[in-house]
Amino acid sequence: MPLTPRPAPHGQEGRAPAESAAPPVRLTGGAVALGGRPVLRGIDLTVAGGDFVALMGANGSGKSTLVRTLVGLLPLGRGGLELFGTDARRFRDWHRVGYVPQRGSAASGVPASVWEVVASGRLTRRRPLRPLTRTDRAAITDALGTVGMADRARDNVAQLSGGQQQRVLIARALAGEPELFFLDEPTAGVDLPHQEALADTLRVLKDRGSTIVLVAHELGPLAPLVDRCVVLRDGRVVRDGGPLTDAEVHLPWHTMLGGGTGHGHGHAPDGAVDHGAPPVLSPFDRPLDSPAPDATEHPR
Amino acid sequence: MTALELLDYPFMQRALIAAVVTGLAAPMVGIFLVQRRLSLMGDGLGHVAVTGIAIGLLTGTSPTWTAVVTAVLGALLIELIRERGRAGGDVALALLFYGGLAGGVLLTGIGGQSAANLQSYLFGSITTISVADVVWTMVLAAFVVVVCLGLSPQLFAVSQDPEFARVAGLRVRLYNVLVAVVAAATVTVAMRTVGLLLVSALMIVPVAASQQLARSFRATLVGAVLVGLVSAVGGLWVSAVASYSARVAPGPTIVLLSLAFFALAWPVGAWSRHRQRLAAPFPDDPYAVEDTDEHDVAGHHDHAHGPACGHQAVPHGDHVDYVHDGHRHAVHGEHYDEH
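If you read the sequences in order, they're chains A and B. Per the working numbering, the first sequence runs over residues 1 to 300. Per the working numbering, the second sequence runs over residues 1001 to 1339.
Just so you know, these hints were derived from the structure itself, not from any lab. Hints are supplied without guarantee of correctness; some may be wrong.
[Stated by the list, open to error] Stretches of chain B that chain A covers, calculated by requiring three or more beta carbons in the stretch to come under 8 Å of a beta carbon on chain A: (1) 1033-1045; (2) 1153-1167; (3) 1208-1215.
[Unchecked claim] Not everything, but these chain A residues come out facing chain B in the computed CB check (under 8 Å): (4) W94; (5) P128; (6) E185.
Ideal placement from N, C-alpha and C gives every residue a C-beta, glycine not left out.
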């Protein structure tokens, strides 16, 4: 049970009422360092139940790092993170969270059918050594239907297009019937018709009352769905408010005004941020985006 | 003498049991190694186990158990190095390959053991396997099969996408270690059958053959186990029958037989993938202008396209395009449109 002073709001299984007191995400004073170098600093982000939040910013602004921290893939260097009112280090209700990683491909070294990949998302609610129940199968079929891939269930994921694979990954997150979704760049490298299909899927989720946190470089067809836009620049939040206005959409990120860093000199304007690490890794080095192994596992 | 009469010999009965057990267990682990793109991990573990065998021979303890222990330690080391840096995974394997093999040969020399003794582990000697070895092989294989089948949804998820699996609340590190330990156990299971230097072949080649034709993980697994079983039993039988006229070692025969399955499956798989690619629907352009005046009529066209006209028919939106000399012809009234 959580040891936080506030009352533990979610002892029960399944969906919590939407008007639940604790917000799905509450990050206060969050700082993240990769390979010893500070990347995110002073991030305060609270996402209320039912919100549709877009995290935006240039490449290297830290938006993906932030999402990876929120789902527990990267350790929080400083600050506090609560998921559904529980300290993230003690959070165990991972079935309430759906994660769609930034990824070009859903395939691996061995053929896997669409159904098998989506079914793996159901593991958040399955105990080991138990067969799939009828409820599990229904949830998987429903997830495939929601993203419009029901007719491709038996196909090999490796033979789908990039946009279709992205939809499979979304269905995988859906299969666990989560309340809170994190999507890391779901529109990257996806053509316009598939972006529109994605927007339709996300609209369905939004109408069901799901909370959605989405990383995007550009919103495109998703723009009408967004309730709130958080813009990151060089690891800090420079804007947190309603949807971007048309004028703001066309501003280059590095000129975005806000209560941010206050000094804009000497930064690479648009490309990836150079974290100053040597480019060659020895077998015993960790890549920069990989967390220290002793600080990563979710406690259980 | 027929193949069935061969089974009257107790050593052949033991060999057959060892072959069945190995052919069953090895591909079940191998599929998870292939899925992680760690096909050579079994090889690395086999080399590390050589040192374990040498330690067993040197100290007079059971080489099977010293091999299990060193292979498990090697597996944990590989997993540790892999976790700390994806970039160095193959280098780590190489380090273990050479360290394990060199250590084993060195220790065998120090112990004054004959080279033939080590060789029976390097290349397998399924026909000299003892009753105790058969029993332990069966116990280890049972462990491998139970873990691989019982936890297959979890192991699939962890191998398919480790990051997603972690967010899903799976203990990824535990399952990684489990796969490594099971792989190490398999190495010792297959050690007497095909030998440490060929162990990886029985884990990987059946999977490689099976995935040529399979579209799903489950089909790949079933196919790989079938190929593994048929190769192991068939290779043993071929070598036993052939041994009347020549010295045919069972280990290499088993491996070559599984490679033969791959050689058969690969062209069939390549052909069917090619066919699938040709028949894949053309993307439907949702922004196409629905303007009947705006179409490109194919030139002089005597040939009538139809279901069996010999031209590839490809779905395109609500109709079918026929691929004709690099053009895409769609029926439009009395003529064909260029699509």
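Now for the hints, and whether the structure bears them out:
Evaluation of the coverage hint for the segment 1033-1045 of chain B: fulfilled, as 5 residues show C-beta separations to chain A shorter than 8 Å, against a requirement of three. With 12 residues having a Cβ less than 8 Å from any Cβ of chain A, the segment 1153-1167 of chain B passes the three-residue criterion, so the hint holds. Proximity of the segment 1208-1215 of chain B to chain A, defined as three or more residues with a beta carbon under 8 Å from a beta carbon of that chain, is established by the 3 residues found. The interface hint given for A:W94 is met, as the beta carbon of that residue sits about 3 Å from the closest beta carbon of chain B, less than 8 Å.
Among the interface hints, the one on A:P128 holds; its C-beta lies about 6 Å from the nearest C-beta in chain B, closer than the 8 Å criterion. Because the closest C-beta pair between A:E185 and chain B is about 14 Å apart, greater than 8 Å, the hint is violated.
Consistency note: the structure conflicts with earlier hint 6 alone.
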